[in-house]
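Use these hints to put chain B onto chain A, whose structure you have.
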Amino acid sequence: MNNNEDKTLEEMTRDEKTHDERTLGETLRSQGISRRSFLKFCAATASMMAMSPAMIPKIARALEQARRPSVIWLSFQECTGCTESLTRSHAATIENLIFNTISLDYHHTLQAASGTAAEAAREAAMKENFGKYLLIVDGSIPLDNPGYSTIAGISNVDMLMETAAGAAAIIAVGTCASYGGIPHANPNPTGAVSVTDIIKDKPIINVPGCPPIPVVITGVLTQFLTFGSLPELDDIGRPMAFYGKSIHDRCYRRPFYDKGLFAETFDDEGAKKGWCLYKLGCKGPTTYNACATTKWNNGTSFPIESGHPCLGCSEPDFWDGGGFYKSISMPTENITKTVIYTAAGAAAAGVAIGAINRSRKNKAVASHSKTGIDDLSK
Amino acid sequence: MSEIEFLSWVRGPGFQIATIIFIAGVFIRIAEILLLGRKANLAEAKGSEMSSGLRTVLTRSVPDKATFQRSAYTFTAGYIFHLGLFVTIFFYAPHILMFKDVIGISWPSLPSPVVDAFTVVSIIALLVILAHRMSNTVLRFLTTGEDYLVWLVTFLPFITGYIAFHRMWLTSPTLIAMHILSVELLIIVLPFTKLMHSFTFVLSRWYGGAISGYRGVKS
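Residue numbers (this note's numbering), protein chains in the order written: chain A, 220 to 597; chain B, 268 to 486.
Okay, chain A solo, but in the shape it has when bound:
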């Protein structure tokens, strides 16, 4: 008996479909993901993105029917930390499978092809899906000299302009692509800028972080696949669902801050008792990210939970904030010297002005002439 006779028509059709043509639902089922865990993922995504529970079936339906969107990933001045973060998110999660089920047509680090073949893959993907593909960028773009960073002889800025032209939307992954990040740090030797500094006519979502949380990427992708739209963004282009609250607002050590209980050093009694890390330079109060709720390493912990202050890595210019271990209320520059020099200079100036005042007074006294009765009769 022919094997095909055991299969339903639907299964036969599905088998005949190439990997690219399968819907996300089909791909997930073929990988042994049960409908229950799929719906659980949809529910988690909906709650994470602050959507009403009524949206869950909609997300599920839309995701199941979504075709693998073509994704082109460009890496510019970056350290590959963002890619590491995403690919090393725990293998068994549905987020990862969803991520696997996008058609990642170009990614330096992950693709097998190299050289001309790699560039040909990018060009082919751009041509086939013009106007529809998602462009993900990590790393900043140097503008001072195009030769600072090139790929296949193409400067970063040229490749970004060329690839962005046909993109449906752009996701700037990591703080470098979102705000310039480390290459943009003072004195910015390469003239590094962010994607939003260059591209003005496309919807851009910034997913900052050094690196960003993997689930934030999948959350944004889910929204794009489900509704074909981009999430609500804050004033610096970050999805509100993940960057709407500060680390401080959601920090489990917040009660210690409110009570005024602080760790003074990394190994004192306060540190051992898990008190607030504000005095050790924590940037939680000025940093907007989801670390305190989604956490890292499959929900294990986040930096503050591990006893280290937040560096504020999802904020622009976090490298130039006056030092990671300097509290927000401290001046960023060495003010003590300024105070001493100013005080010395001002004291000298004060003495000089005082001396002038005195001599003027003495002169006035010396030139003072008394008015007598004779003067009045004049």
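No lab work stands behind these hints, which were simulated from the structure alone.
Certain hints may be false.
Okay, derived cross-link-like pairs now, PhoX-like style, lysine-lysine, Cα gap no bigger than 25 Å in a straight line [what the hints assert, rightly or not]:
#1 A:LYS478 with B:LYS367
#2 B:LYS367 with A:LYS545
#3 B:LYS306 with A:LYS580
Showing chain B alone in chain A's frame:
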């Protein structure tokens, strides 16, 4: 300018500029006052200038009964917000950190809710003072533009600090930056207005006490 850039500016160059103006202004003015000199008193001294002067620096903190009764409003509300200023400036943990960074010493802080309570009471006291100043005919007549300016620059750090602590309306980098900026405004204005009394009160009280001490009378 992004809000983090705004915050970095007020913590960096802004803070430097404000500190230079503040320190220079205060030092020059105090040096000027001290160098004015006094006429030599040819009368025989009947007591110590120094001990009476120092005592008066402290005793003038307590109003005498008649003066208090004459302006009970000004005294009560004034006392409250001065105490509030002292507690909020010197006993809020993030502020102590700033002092530690600038002058190298630190001291224990009060719990944030306690400082918060002082802030609320001070804000109310400052509003009462303003209302009193505007409603009292004599006071209004005596009030100049400078009086409103010094009230405003004193009020702004309180209100921006309160809003920043409770993270109302705006995001926190902007709120913290606005608070620091308001303090910079205060310390820039301080040496050139009657806010200078925060330093000169010691000199004027000492002088008052010293005159009495020299004459051998109670100040």
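Right, here's what the structure says about each hint:
Proximity of LYS478 of chain A to LYS367 of chain B is assessed by CA-CA distance (about 20 Å); at most 25 Å being required, the pair is judged to hold. Between LYS367 of chain B and LYS545 of chain A, the direct Cα distance comes to roughly 11 Å. Compliance with the 25 Å bound is thereby established for this hinted pair. About 12 Å separates the Cα atoms of LYS306 of chain B and LYS580 of chain A, which keeps this hinted pair within 25 Å; it holds.
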